Amino acid sequence: MGYNKVACVGAGITRFVRRAKETGRELAWEAAKMALDSAGMTLKDIDCVVMGTAPDAFDGVHMKGEYLADGSGGFCKPYMRHFVGGGTGVFAPIHGWQHVASGKFDTCLVVCEEKMSSTFPHPQGAFITIFDHTTEQALGPTLIWIFALEMNRYMQRWGLSERDVAKVSVQNKANAIDHPAAQLGQKITVEDVLNSEVLAWPVKRLDISPASDGAAAIILTNEHKARQVTDKPVWVSGVGWCLETAYWATRDLYYPVYVEKAAKMAYDMAGIREPDKEIHVAEPYDPFDYKMLHHMEGLLLCKRGEAAKLVADGVTARTGRLPCCPSGGALGVGNPIAATGLMKIIELFLQLRGEAGKRQIPGDPRVGVAQAWGDLMQVGTVVVMNR
Amino acid sequence: MNRRVGIVSMGYHGFSAVTPDLSYRELVYLAASKAYAAAGIEPQHVDMFICAAEDFCEGYSISDEYCNDQLGAVKKPVQTVCGEYLQAIGNACMLIQSGLGKLVVVEAHSKASNMKTHDDVLSFGMDPIWNRPLKVTPHFVAGLDMHRYLLDTGTTEEQCAAIVVKNKANAMLNPSAAHAGRFTVADVLRAETVAWPVNRLSIAPRADGCIVTVLAEESLARQLNSSPVWITGTGWATETTALETRRWGSAPSAEIASQMAYKEAGITVPSQQIDLFEVDDSYAYRELQALEALKVFGKGQALHALDEGRLGPTGDCPVNVSGGSLGVGHLLEATGAQKLLELFLQLSFKAGERQLPDVTTGLAQAWRGVPTTTSAVVICSNE
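Protein chains in written order, with this note's numbering: chain H, 1 to 387; chain Y, 1001 to 1383.
Hints listed in this document are in silico derivations from the structure and should not be mistaken for laboratory results. The model shown is predicted, which means the values in this text are computed figures rather than measured ones. Mixed in with the good hints, there may be bad ones.
In silico SDA-like cross-links for lysine to any residue, where the CA-CA straight-line distance does not exceed 25 Å [what the hints assert, rightly or not]:
1) K1075/Y - R153/H
2) K1116/Y - A138/H
3) K1075/Y - V257/H
4) K1102/Y - Y3/H
5) K1299/Y - F75/H
6) K21/H - A1242/Y
7) K303/H - D164/H
8) K1075/Y - W248/H
9) K5/H - G1099/Y
Just chain H, same shape as in the assembly (with noise of 0.2 Å):
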């Protein structure tokens, strides 16, 4: 198509907590200045910042990127916030490669900062007003509750038990345990998961990630300025984004056709044909543990309904053929929803360039695939990595 390579070169990202001390604009300036210095970058580098967050209930801040905007680096500069619900931190990328690939911008710092514990008791409070207010209001539902009624119908299409979607839940979490920015890492059983607290049946506490404050912030440049500033970029190869319509009723929901649109859209960028078998690291978003099974399914990595069983052969584990996840995903690390999915992208950035750590997975990644979900069940974005 004829569009400037697009690099990452540098990221950060700070401690995933229920409740920070820092505010919003602190956390979102931690995290840039981390990703400005692992790159060995000043704000002088940088020519256009790009803000990813998700609803300003949560801060209770109005406008909420304007408030984030000398936080993030983009005091005096090109700087805009973008807004795609759940999937906003996997567009943080998306974004920014569209700035970088036009060709008006050399460097771009892709920040994304959530701070869910300013909304009090509990942020669920900032999603009653997200439904119609004439249609679904009025029914007093929560996102749990919706999101049951998709792992009930995910499960009762496949024939899937508790127990075998419980059993991500139990990767994840023990994945965490190695990120130094975990919230939740721990070592769980599945009869854990099984004896937690129902909160909107099938949907128990432990099935479900927290609600988190951070922020994770990545530096994405030309090819030229990649090759001036480090001898291992990491390529944004792909991107796809797509939005189902609001009317979540009016789908079956056992399948997202829109995650598997916005893969197809990465994919063909990617020139990838094969993603199960070209792809050699998956990031799909993690909010419940039925969630990465669904995405997996969504971004063609196997066949529909076959995930679980690729989670209970140990497939997706960090040692296996497909690793999911090895960051601990949301369920693990937290779930400061733009950060997380921006959280992935690093954990794709560390993972092709070998320097995961305890985290590493083994043989030569070169080909990774991170994903995010939102809004009404409604919106997938794709980012396809190489190195």
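Dock chain Y against chain H, hints included.
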């Protein structure tokens, strides 16, 4: 980067102070239908969609959920930017210049009449620890900035009032304007003080409406429209929302944004190379401040151009011939869209009674309002 981006069509519905008969989704549907019909396309032909919106103004959290159905953009690459419409236009240009998309649609709307307490919503945009406890209205922040600007430049309240008179009179020739009127400087000065020196009539009143733009890369743009309006430069910048660290009295973000756009468009002497300006007038004084930030006039010189009548529709530097936000109405994130719409109409010679003769190049500039310091600029040409 060499790919040229053209505006194929713009569809709009509005503008009016209240819209009791339509929901915001219906407003979007009407504007989008007109834009698609004018371009001779169906929404399924469109590669990507961008919407510009902010949650608290929509009354929804994660309001981007509801942006696509009425645009015909289901199962399409759709992205929301929480920014000014002109930033979204810059984003659309990047999609086309990267080669990823050939046909891109940009939407923004205002259903400001749904908000009973918009000023309070704006106050929620202030830093919750340092600024919000001051409990000031957004107009107080504008008042501080206006006071500084008047001190720095020697501009008077009478001259600011003359901007209100000019723009509301310009709007009399714009059938879409919601707040047109014939006023005198004395009328404006008599208006209630909101936060001195800002008074009620020098604040752009809000309006409802929706604007949808269809953009395409050069060869497709020529196929769809025999005389598209070309986007030759875009720029945007943010300073800081912090009241304590910003540069008061000037608009540095507008200056940075315009320098970016000028460089792209090859403009070195804006006052000579640009035929018409549609700039931020969300508070009357900001029109003069913007013209100086855009380097159309030197610091403190815009007031002389105003006094000499050069900013009127028959002057050598016509500014806000549409009526601007003071005359048409402030459209939230779609404010820049209305300014771009005027460029599109003028450069297509379809601006009716207010058509300027022999125009080839225009500049639109918008600001995101208190408490932000974000500005965006788009330069268009019909050549």
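Against the structure, the hints:
At roughly 21 Å between alpha-carbon atoms, K1075/Y and R153/H fall within 25 Å of each other, so this suggested pair holds. Restraint check for K1116/Y and A138/H: the C-alpha separation of about 21 Å stays at or below 25 Å, so the hint holds. Pair hint K1075/Y plus V257/H holds up; C-alpha atoms about 8 Å apart against a cutoff of 25 Å. Taking the CA atoms of K1102/Y and Y3/H, the gap is near 13 Å; set against the 25 Å cutoff, the hint holds.
About 23 Å separates the Cα atoms of K1299/Y and F75/H, which keeps this hinted pair within 25 Å; it holds. A threshold of 25 Å between alpha carbons decides the hint, and for K21/H with A1242/Y the separation of about 20 Å falls inside it, so the pair holds. Between K303/H and D164/H the CA atoms are separated by roughly 16 Å; this keeps the pair inside 25 Å, and the hint holds. Pair hint K1075/Y plus W248/H holds up; C-alpha atoms about 13 Å apart against a cutoff of 25 Å.
Between the alpha carbons of K5/H and G1099/Y the distance comes to roughly 12 Å, so the proposed pair stays at or under 25 Å and holds.
When each numbered hint is compared with the structure, no violation occurs for any of them.
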